[in-house]
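Q: Chain by chain, the residues run as shown.
Number of protein chains: 2
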Amino acid sequence: MQGKLNILGMGPGDPELVTRKAERLLRSHSIFAYFAKKGEKGHARHIAQEFITNTHQELRFEYPITTEIPHKHIEYKQALQQFYDQSAHHIQHHLDQGETVNLLCEGDPLLYGSAMYILERLSPTYTTEIVPGICAMNGCWSAAKLPIVKYEQTLTVIPATLPLEQLTDKLYHSDSVVIMKIGRHLAKVKSALQTTDLLNKAVYIERGTQLNQRILPMTELTQEHAPYFSLILITG
Amino acid sequence: MQGKLNILGMGPGDPELVTRKAERLLRSHSIFAYFAKKGEKGHARHIAQEFITNTHQELRFEYPITTEIPHKHIEYKQALQQFYDQSAHHIQHHLDQGETVNLLCEGDPLLYGSAMYILERLSPTYTTEIVPGICAMNGCWSAAKLPIVKYEQTLTVIPATLPLEQLTDKLYHSDSVVIMKIGRHLAKVKSALQTTDLLNKAVYIERGTQLNQRILPMTELTQEHAPYFSLILITG
Chain A
1 MQGKLNILGM GPGDPELVTR KAERLLRSHS IFAYFAKKGE KGHARHIAQE FITNTHQELR
61 FEYPITTEIP HKHIEYKQAL QQFYDQSAHH IQHHLDQGET VNLLCEGDPL LYGSAMYILE
121 RLSPTYTTEI VPGICAMNGC WSAAKLPIVK YEQTLTVIPA TLPLEQLTDK LYHSDSVVIM
181 KIGRHLAKVK SALQTTDLLN KAVYIERGTQ LNQRILPMTE LTQEHAPYFS LILITG
Chain B
1 MQGKLNILGM GPGDPELVTR KAERLLRSHS IFAYFAKKGE KGHARHIAQE FITNTHQELR
61 FEYPITTEIP HKHIEYKQAL QQFYDQSAHH IQHHLDQGET VNLLCEGDPL LYGSAMYILE
121 RLSPTYTTEI VPGICAMNGC WSAAKLPIVK YEQTLTVIPA TLPLEQLTDK LYHSDSVVIM
181 KIGRHLAKVK SALQTTDLLN KAVYIERGTQ LNQRILPMTE LTQEHAPYFS LILITG
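In the order they appear, the protein sequences are chains A and B.
Residue numbering for the first sequence follows UniProt numbering, beginning at 1 and increasing consecutively.
Residue numbering for the second sequence follows UniProt numbering, beginning at 1 and increasing consecutively.
For reference, chain A alone in the conformation it holds in the complex (with noise of 0.2 Å):
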């Protein structure tokens, strides 16, 4: 009899926002894996922590790179890919056993996920169950009290990793939006939402619904610098 794959979304960072399923599957089942950068403990193993006991196995994927080499490279993909390759060889290991394995994913596991990696690779072949988490804008917009979207307008996410031709042409062409991966991509953009003329408009959060969160308007940010777990809001 072969296991089960549980995808599991874990949420913006409060374990509080977890949902009730991904409780009671993360307690009912031992084996749990989650993707994590060299040196730092995973967004998702650290939600999770409370959840966790001494019964637990613990499979742990460390990405090979991060920003050593840019995305676009074939160099990456490559590595990337075995990567993927490797993590789900480890699953399938414990599924053909007949064990179940919980994957973990911050937010919500089909929205930027690296999940998605191991789903397309299992799926075909193993009974595999998704369960949705609250996504890092539904945790922001909500601890910002900021209504996002009413009426007809519509909502568009936007990765600040575009180049800023892009962008600025998706920020002309759209009424509420949230930049996620913010990062390293900070002065781009400002320099696109000062081009669209939006930069009053655009609420910064850093770290949303976690303990040293902060919430500013963007036009009093100083930092040149974001972390990895900071967004922009702009309600249209």
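One should not assume that every hint holds.
Which copy? The list can't say, so a pair holds if one copy fits it or any two copies do.
As the list claims (entries may be wrong) - Taking lysine-lysine and the DSS-like style, the derived pairs with C-alpha atoms no more than 25 Å apart in a straight line are:
hint	residue 1	residue 2
1	Lys181	Lys77
2	Lys4	Lys201
3	Lys150	Lys38
4	Lys150	Lys77
5	Lys4	Lys145
6	Lys201	Lys188
7	Lys145	Lys201
8	Lys181	Lys72
9	Lys41	Lys77
Rather than coming from a laboratory, the hints here were simulated on the basis of the structure.
Once you have looked at the hints, place chain B on chain A.
A: For chain B alone, kept in the frame of chain A given last:
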């Protein structure tokens, strides 16, 4: 001492997709409020069923109109304004007595949710907290196992209530798309998808995460009308 208003996202339908925080707050305070259409139980109320005991006090706010008058008509707007004024007033009455009120919302409160109209009326005067919820779209793309955005793709959330021309224009300028609020707008949405050559990529989901969930490619959809709880996903 004033009470506090908690606005709780109850998720897309499955009660297990409620967050631990929403569950705790709902169980800890006896007064809860919700919006419902005439003759219907109310979706948020339905999701909350298993958390409600006979010590709970229920404030039901019934929309005076839904589709009898066009949404852009002044009469519709006035009726809704008055309705939200009265609903806020009811809640206020309890807050002034030092009680905590939980306002329950389907999905996420600040993504097209009616709760934002209560928030704007009460947050200037009372302590408010918003607990984000899993959006219908997150529940749907998880159920369909569709990675909605990856790499540098953008996600655009479009209400089906937009006029055909705007709907078509938005689709032309998007990568991945969620079309919400399908309901009576199915024929128009189909036409926009045909024009933009997206019909083959569109997935229709009815009552996502609920017991009678249906998922099928738009090309196989023969019905002319969709229920309120339906949406369309297109991956970029």
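Q: Indicate, hint by hint, whether the structure satisfies it.
A: Hint-by-hint comparison with the structure:
no.: 1; hint: Lys181 <-> Lys77; in the structure: within (19 Å within a copy, 38 Å between copies)
no.: 2; hint: Lys4 <-> Lys201; in the structure: neither (46 Å within a copy, 28 Å between copies)
no.: 3; hint: Lys150 <-> Lys38; in the structure: between (41 Å within a copy, 22 Å between copies)
no.: 4; hint: Lys150 <-> Lys77; in the structure: between (39 Å within a copy, 14 Å between copies)
no.: 5; hint: Lys4 <-> Lys145; in the structure: between (38 Å within a copy, 15 Å between copies)
no.: 6; hint: Lys201 <-> Lys188; in the structure: within (17 Å within a copy, 33 Å between copies)
no.: 7; hint: Lys145 <-> Lys201; in the structure: within (14 Å within a copy, 35 Å between copies)
no.: 8; hint: Lys181 <-> Lys72; in the structure: within (16 Å within a copy, 37 Å between copies)
no.: 9; hint: Lys41 <-> Lys77; in the structure: within (24 Å within a copy, 51 Å between copies)
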